[in-house]
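Read top to bottom, the protein sequences are chains V and A.
If you read the first sequence in our numbering, its first letter stands for residue 20, the second for the next number, and so on.
If you read the second sequence in our numbering, its first letter stands for residue 499, the second for the next number, and so on.
The hints are all genuine.
Restricting the straight-line Cα-Cα distance to at most 25 Å, the calculated cross-link-like pairs of lysine to aspartate or glutamate (DMTMM-like) are:
1) V:K55 <-> V:D211
2) V:K391 <-> V:E343
3) V:K203 <-> V:D233
4) V:K22 <-> V:D233
5) A:K562 <-> V:E188
6) A:K582 <-> V:D259
7) A:K580 <-> A:E590
8) A:K580 <-> V:E317
9) A:K546 <-> V:E252
10) A:K516 <-> V:E98
11) V:K48 <-> A:E524
12) A:K516 <-> V:D102
13) V:K55 <-> A:E524
I should point out that these hints are in silico values taken from the structure, not numbers from a laboratory.
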Amino acid sequence: MNKKANVVIIGGGISGCSTAYNLAKKGVKDIVVVDKSYISSGATGRCGAGVRMQWGTEMNCKLAKQSIEFYENANEILEYNRDVEFKQGGYLLIASTDTEMEQFAKNVKLQNSLDIPSKILSLEEAKEIVPHLNTEGLTGAAYCPKDGFLNPFKTTDAFYQAAKRMGVEFLTHTEVLEIKTNGKKIEKVVTDQGDIITDTVVNAAGGHSKIICDMVGVDLPVYSERHQILVTEPVEPMQDPMVMSFSLNMYCQQTPEGTFIMGRGDDNEPRDLRTTSSWEFMDEMAKTVTSILPPLGELRVIRQWAGLYNMTPDKQPVYGRVKEIDKFFLSVGFSGHGFMFGPLTGIVISEMILGEEPSIDVSMLGIDRFEKGNLILEPSVV
Amino acid sequence: MSKEENTIVCRCSDVTLKELRDLIAEGYTDYNEIKRITRIGMGPCQGKTCTQIVLRELSQATGKPVSEIKNQNNRPPVVGVKLKLIAEEAKEDE
Ligand SMILES: Cc1cc2nc3c(=O)[nH]c(=O)nc-3n(C[C@H](O)[C@H](O)[C@H](O)COP(=O)(O)OP(=O)(O)OC[C@H]3O[C@@H](n4cnc5c(N)ncnc54)[C@H](O)[C@@H]3O)c2cc1C
Chain V
20 MNKKANVVII
30 GGGISGCSTA
40 YNLAKKGVKD
50 IVVVDKSYIS
60 SGATGRCGAG
70 VRMQWGTEMN
80 CKLAKQSIEF
90 YENANEILEY
100 NRDVEFKQGG
110 YLLIASTDTE
120 MEQFAKNVKL
130 QNSLDIPSKI
140 LSLEEAKEIV
150 PHLNTEGLTG
160 AAYCPKDGFL
170 NPFKTTDAFY
180 QAAKRMGVEF
190 LTHTEVLEIK
200 TNGKKIEKVV
210 TDQGDIITDT
220 VVNAAGGHSK
230 IICDMVGVDL
240 PVYSERHQIL
250 VTEPVEPMQD
260 PMVMSFSLNM
270 YCQQTPEGTF
280 IMGRGDDNEP
290 RDLRTTSSWE
300 FMDEMAKTVT
310 SILPPLGELR
320 VIRQWAGLYN
330 MTPDKQPVYG
340 RVKEIDKFFL
350 SVGFSGHGFM
360 FGPLTGIVIS
370 EMILGEEPSI
380 DVSMLGIDRF
390 EKGNLILEPS
400 VV
Chain A
499 MSKEENTIVC
509 RCSDVTLKEL
519 RDLIAEGYTD
529 YNEIKRITRI
539 GMGPCQGKTC
549 TQIVLRELSQ
559 ATGKPVSEIK
569 NQNNRPPVVG
579 VKLKLIAEEA
589 KEDE
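Turn these sequences into a full structure, and let the hints steer you where they fit.
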């Protein structure tokens, strides 16, 4: 294979597929998406796929709100022949200290100022929404009914199908090995299946984003770490919202099929590219979930797996150009919440590539923020 | 639709032979993609029944022998275990 492209997108996850779709919709021809495995094989196909507007920074609130509004109409907008299965059952965030409750109060105030319909709940009110919640040791909760959960494979498939219909070419099982440059200009992308001549590249390689940056000598201050997750057997619907705790480091959601999906972070996780499963995760997850949501103890675990979080120092994504190389665009560092930003990621990156007026100002998410030290830390992550 | 195509190939996730064949005809020829869109192999049996059927269909469609088609990853646990039991054992080990 030897070909030419106007834009090469590295990565066929939600970010790459949404960017391809938006570029094609704006009339760009000869777009090639390259993935070393299959579509959704990275973090996208392994994620919890929860989407929430309840964030602690203004930027994250805005990106999430607009993305969720897109997801509400995704089947129609993307003319999808299947269903992205959006269940808008809300997110119930639970606090276990007074300091955490104070943070929730601050967040809700910010969110409300941005028209996000979140609110603080007492423990009694929280129990009305999730009757099997064990409130012992909790101090309060926050709730937003607009938050929810989608099927991550089908959501990405919807973008992929729409992009393909507009002529985007997808090269799966094709690994990018090298990016050849001449001065500041990109000349071609070298893959294990041949070369693609292009001057424009989007790095949407998820957990492998740093490796792609290394190919063009861009020092990207991100690292990857494994996050684990499990699914239970299906049961009758009994829990509408995602239940999430930052201090206990866990989330748990019932899918429309009735299965429960739950995961947790581990502060001792090494920074590397492993996606294996561990017993420690299963033990800790089982202990945490049976104490917060006791009846779930009766459910059988049927599968566990893992994927990579691509972490930045301030837990906000990196969008945009780099100073070392022309027409090299970053769409990386989602820090465990890139699925829910997917629709906006495609919009902002495609606007940047075409030099259009941005529909949302994300200039503060550029890579130069790390050099300048302009970091606004997102406080609310698992 | 022929009677055969109504056959359920994945009992856990209720997927028919017709759905499987339609997806393959749409161009999904990777076991992992089919698994992710239909949930074939994701149910409590962990693909013990359906995997072979999917591989056979893929082999017929692509002309590749079954041995050359990439199967799904086997993921723990091998049989379903109650969360309660895992939690109790974990606490005893402490
Ligand atoms: C357990 C877990 C739970 C999560 N839960 C949530 C959640 O509830 N909500 C949420 O919003 N987010 C969640 N996330 C985060 C979310 O999954 C990611 O932020 C998001 O999917 C990133 O999408 P992406 O397209 O940028 O990257 P990815 O989906 O990782 O895609 C990158 C792609 O690049 C390809 N690639 C890499 N290197 C190369 C190369 N050299 N050549 C060719 N291709 C290459 C890979 O094969 C991969 O398919 C979770 C993540 C994990 C692991």
